[in-house]
Amino acid sequence: MMVTLAHYLALSALLFGIGAVGFLIRRNALIVFMCVELMLNAAGLAFVAASRYRGLLEGQLAIFFVLTVAAAEVAVGLALMVAIFRTKQTTNVDELSGLRG
Amino acid sequence: MGELMAFYLLAGIAVATALAMVITRNAVHSALFLVLNLVVVAVFYLLLGAPFLAMVQIAVYAGAVMVLFLFVIMMLGAERVGGTPGLRGQIPLAVALGAALIAGALFAFLRAPAGLAPAGSPPAPHGDPSAIGARLLTTYALPFEIASILLLIAIVGVVVLARDPRSEGR
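Protein sequence lines, in the order shown, are assigned to chains Z and P. Position 29 (the first sequence) corresponds to 29 in our numbering; numbering is contiguous. Start counting at 1 in the second sequence, then tack on 1000, and there's your number in our numbering.
If you are wondering where the hints come from, they were derived from the structure by calculation, not from laboratory data. Careful: at least some of the hints might be erroneous.
[Stated by the list, open to error] Which stretches of chain Z does chain P cover? Using the computed rule of at least three CB atoms under 8 Å from a CB of chain P, they are: (1) 8 to 20; (2) 30 to 39; (3) 69 to 81; (4) 86 to 96.
The beta carbon of each residue, even a glycine, is placed where N, CA and C say it ideally should be.
All chains, full assembly: derive it from the sequences and hints.
Structure (C-alpha cells):
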C-alpha cells in the first residue's frame, strides 16, 4: 500500500482541526496566535501534497508566498501584542474587551 | 511499505506535538512544541519532493518566526497568562465543533480522492531552488515583487507599532 494524497489531506485536516480548537479554548493571545500558525501550516501541507500528486510546481510556489505573508503577519501581530501589553499589562484575550459595549 | 511506516510515524509525531501545544499550560513549552511540529512538516515537505520549501520552512518558520515568538513571550513574561474561559461550556463546545470540523473535512477528502489526484500518479515535480527560482522570476515575477513590498511594509509597520511613545525625543 502506498502513501496517497488522501493520507496527507487527512493529516492536514487533523492538524487544522487541532489548531482551530486551540484557537477557541486558549486565553493567552500569544498561544492563540501560535494556533493560527498551526492552521496555516496544515493548509501548507495540503498544498504541497496536492502539488506532489498532481505533478505541478504551483502548489509549492503558493506556499512560498504563504510563508512570506506569514512572516510579515507574525512580525506585525507580535508588535501589536507588545503595544497592547504596554497599555493593558495583559495578553489574556478575555480581559482585552475594550470595545465591548 | 517503508514509506507508509515513515508516514504514520511522522504523522503521529505531528498530531502529538500539535495536541501538546494546545494543551500545555506554559506558553514557552507551547512554542517549543510548535517548533517540533513545524520541523515534522518540513520532513513531510522533503518526502513530497519539495526540498527548497523544507529548508525555507526550517530557516524561516521554525527558526526566525518561532524565535520571535519566544522572544516576545519571554519579554512580556506571558508564560502563564490564561486560565479558564469566561464563557460557560466553551471548552466542550469548542472541542465538539472542532471534532465536527475534522469529521467533515475527512469525509470530504476521503470520499472522492480520485477527483483530487489523477489516477496513475504523475512524476513528482522537482522543487529544487533552481526550478522554484526560475518560476519566481519569470511567470510569477509580479507576485514576487508584491511580496517584497509587503515585507517592506511589515518592517515599517513593526517599527511604528513597537516604538514606545514615552521614550520619544530621547
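Exercise. Within the assertion that chain P covers the segment 69 to 81 of chain Z, do at least three residues meet a Cβ-to-Cβ distance smaller than 8 Å?
Worked result: That given contact holds, which follows from 12 residues of the segment 69 to 81 of chain Z lying within Cβ reach (below 8 Å) of chain P.
Problem set entry | Three-residue Cβ test at 8 Å for the coverage of the segment 86 to 96 of chain Z by chain P | holds (count 5)
Exercise. At a Cβ distance under 8 Å, does chain P reach at least three residues of the segment 8 to 20 of chain Z?
Worked result: This one holds; 12 residues, not fewer than the three required, reach chain P with a Cβ under 8 Å.
For this session: Tell me if chain P covers the segment 30 to 39 of chain Z under the three-residue, 8 Å CB rule, please?
Result: As far as the segment 30 to 39 of chain Z goes, the hint holds, because 7 residues have Cβ atoms under 8 Å from chain P.
This entry satisfies every hint, going by the numbered hints stated previously.
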